[in-house]
Amino acid sequence: MIRRIKSLSFNELEELLEGIEKPGRYIDSEIGTKSKSLDYIKNNPGTILSCLIFPDTYEVGMSNLGLQILYNVINSYPFATAERAFAPWTDFEKKLRDNMVKLFSLENRIFLDDFDLIGFNAAHEMLYTNILNLLDLSGLEISSNKRHSIFPIVCAGGSSTFNPWPLSKFMDFMVIGDGEETIAAIIGAIRDFKIANSPGGDKTGISPVCCEEEASLKQKLLFSISQLEGVFVPEFYKINYTPCGNVAGFDFKSPVKKTVRKATFRDFDDAVREDSPVIPNIQTVHDRLNIEIMRGCSRSCRFCQAGFIYRPVRQKNVERLVSESIEGLKKTGYDEISFTSLSSSDFKGIESLLKKVTSAEGFDKISISMPSLRMDSFTLDLAHLIQSGRKTGLTFAPEAGSQGLRDKIKKDLTESDLVDSISIAMHKGWDKIKLYFMIGLPFETEEDIYSILELIRKIVALARSTLTGRSIGRFMLNVSINAFIPKPFTPFQWCPQESIKNLEYKFGIIASGIPKRFVKLHWTNPQKSLIECALSRGDSRTSDVIEEAWRTGAKFDNWTDFFNFNTWVESFLKAGVDISFYTERRYGEEEILPWDIVDAGIKKSYFLREYKAAKGL
Amino acid sequence: MPEGIIRFKFFKKNELKYLSHLDILTMLSRAFARAGIKCVYSCGFNPKPRVSLSNPIPLGVESLAEYCDIELAENMDAKEFLKIVNKQLPENLKITDSINADPKTPSLMSEIGLVLYDFQVTSIACQDMKKITPESYSSFEKSFEETLAGGIKPGPGFKEGDFSINTGPIHSVEFIFSKTSTGGSILLKIYGYAKIFKNKNNSIFKFNEFSGKLKEILREYGLKIISAQKTEVFIIIDSGLVNPLEILKFKKRD
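Line by line, the protein sequences give chains A and B.
Quick note: the first sequence uses the numbering used here, first residue 1, plus one each step.
Quick note: the second sequence uses the numbering used here, first residue 1001, plus one each step.
None of the hints are false.
A few chain B residues facing chain A, derived, Cβ under 8 Å:
# : residue
1 : Leu1016
2 : Tyr1041
3 : Gly1060
If you are wondering where the hints come from, they were derived from the structure by calculation, not from laboratory data.
C-beta atoms are modelled at their ideal positions from N, C-alpha and C, and glycine is treated no differently.
Could you put the whole structure together from the sequences, leaning on the hints where they help?
Next comes the structure, spelled out in structure tokens:
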């Protein structure tokens, strides 16, 4: 049987692209795409069609390593194919809506509602409204209980799903934890389901006679997926609330697991990314070869969600990474490589990795970037190795200004570590340094804020005494200030978030005291941080808020020009949900937390001990 | 100083016509790296292969005639270069010809004087195909001349200096009318100026501006553009027009 696929022709695309900004976002023809052809799908009607969506622009989404990993995993199976889709920019969205054209995938321009599986990367909370918008653009109902047909089945993964409730109204299922093995199991479950329920193993072969049968088939499929590690099927779970709004407990509709244990990819070390990534046609945010060297973080900074949810620490074999890097650069032609992990300088063998890659023949023009380098183990050797290619700026994250507060948040770093490392960097010729701080941390006092200022002044003084001539002229200290957000699965998950008023006051102290000639100050809008906090600590009622915000026009919330605080505040009001309940409130230590439904591999009692330890300091 | 220069001609078609000048440059640079071409790199903070492209064209316009000069740190045969680089390029962007050049070759941008665009024109609706008749065609041609070209006398085959009026952005125009059983179609070949000539009082041909005007005129005659393509660029020499590869071949012969 031939499977009919609904797709957009190139001529139709050409007409839509007239007058559209950056049309390169909507075409494929990239080097390294791996989706099956339309002919292949037609001739192999049992092929599981999946579409991976990063709910932001092409430039942002193509910089995401997770998307590329899952894309390669799915496309390695002969019985499945993965295509990609991204959020169209507002001009193209308008064009699609005006012409009543549904959203389509990049590779074969298949309309999204014609896929078997649609997977969103919910990398952070500020993407939630885009997810709803993309479902709507695809001609699908945003609420899962209104999507009656079995396919497409809609899911989300990514770090924000560790609290799955805020998106629970919209998703058929969610994947919590590492995706590479889970996605393979899901594709397998869908394939088994199709084979079992249609004689030809073909989607068109599944022809339920009535709505009831279709609903029960869908339940059957969801139930089989719910048995997989890391999978949460919202339909089978319900939160009960106490009269004052706290979580009273959970109800289970089917014989499902009582807590959802996150998926952990244990063979990380053996996983060699044999396939090279898709090389974008237009410039992306991180337009370089990304090599993941380590997953998980051995530090346990008390504010850092990533440090806990990505455990255990798994690192890749150095020799294999060297060959993967060299092969990757040769296959892609990139002139920049980034070794990514949560704390690259904790990677055992980092020096040997850098030495071997930088000394490889023909790579003298390659630049290396290492996000999340820690300055305490930042050696002179490392600085030199990275510098031997091209120099980009150096980033350090002291997070807090004073030693006392750094101890409380368990940021294992002393001021002399910091100053020594920066001094080494300056001697080696770095003149662009970036510092990350957080304000509004638990236990923070006004003195701690003044300590940030002092530290900045000290570094500027160091620059003036170290750098001379043109170097001091070029010297720039970029200081980035972010509001602390208490996130689920951290020892500070119970803490209240600092009010916008206090955050602005504290930021004002820094802004008015910095030596302006050498320091460029950036700061995240505290209103945005407030919404991020409310969404990340949300529960099942938060779904209504997100829906309301999207209906009022919220989208691209991570973009400064689009984020509208009032829209969000009003959406909380309209949904009858008190925003301060999720932000300013100190959560009770005995309270059942919405994300208690997820087992992230770390006991709640551990977080509580850590929290108390911080308090006691 | 590079050891040598290779000048090559390439096309960009279909999806890839939507990539900008800069995107194409990046795509080529990565293809050179994958092919293991030893390029000369620019100095500075972000070393890039030293390449220069012919004049940029608007997003969304196909081109059969893009040119590029690449400076080599290690000289190689231009035909071999074509073969190995093409293996690294997508099917909608391929090199069609290449030639070894002297390192002192003047740059493409400074030399290219004309750019040729082909506009394929037909009736707006299929059932109106019969509307293009020799009569309506000549009336369109006349109107086109008056409105756009300011009295240029068009004709196939021409030499520099054949036309009395060389002001404005258009150097010359050719009309090719073909009659079919259902009606006909017109191929409009527009030779636009790619640079300012001191003695000509001309301006630079701008594709979007021109095609906008052209569409308006066509609409009055029930005609529309079905495709527009950049098909060649020319360097103006005493004996006529040559493309950037031909000029090097001539020099070699001398």
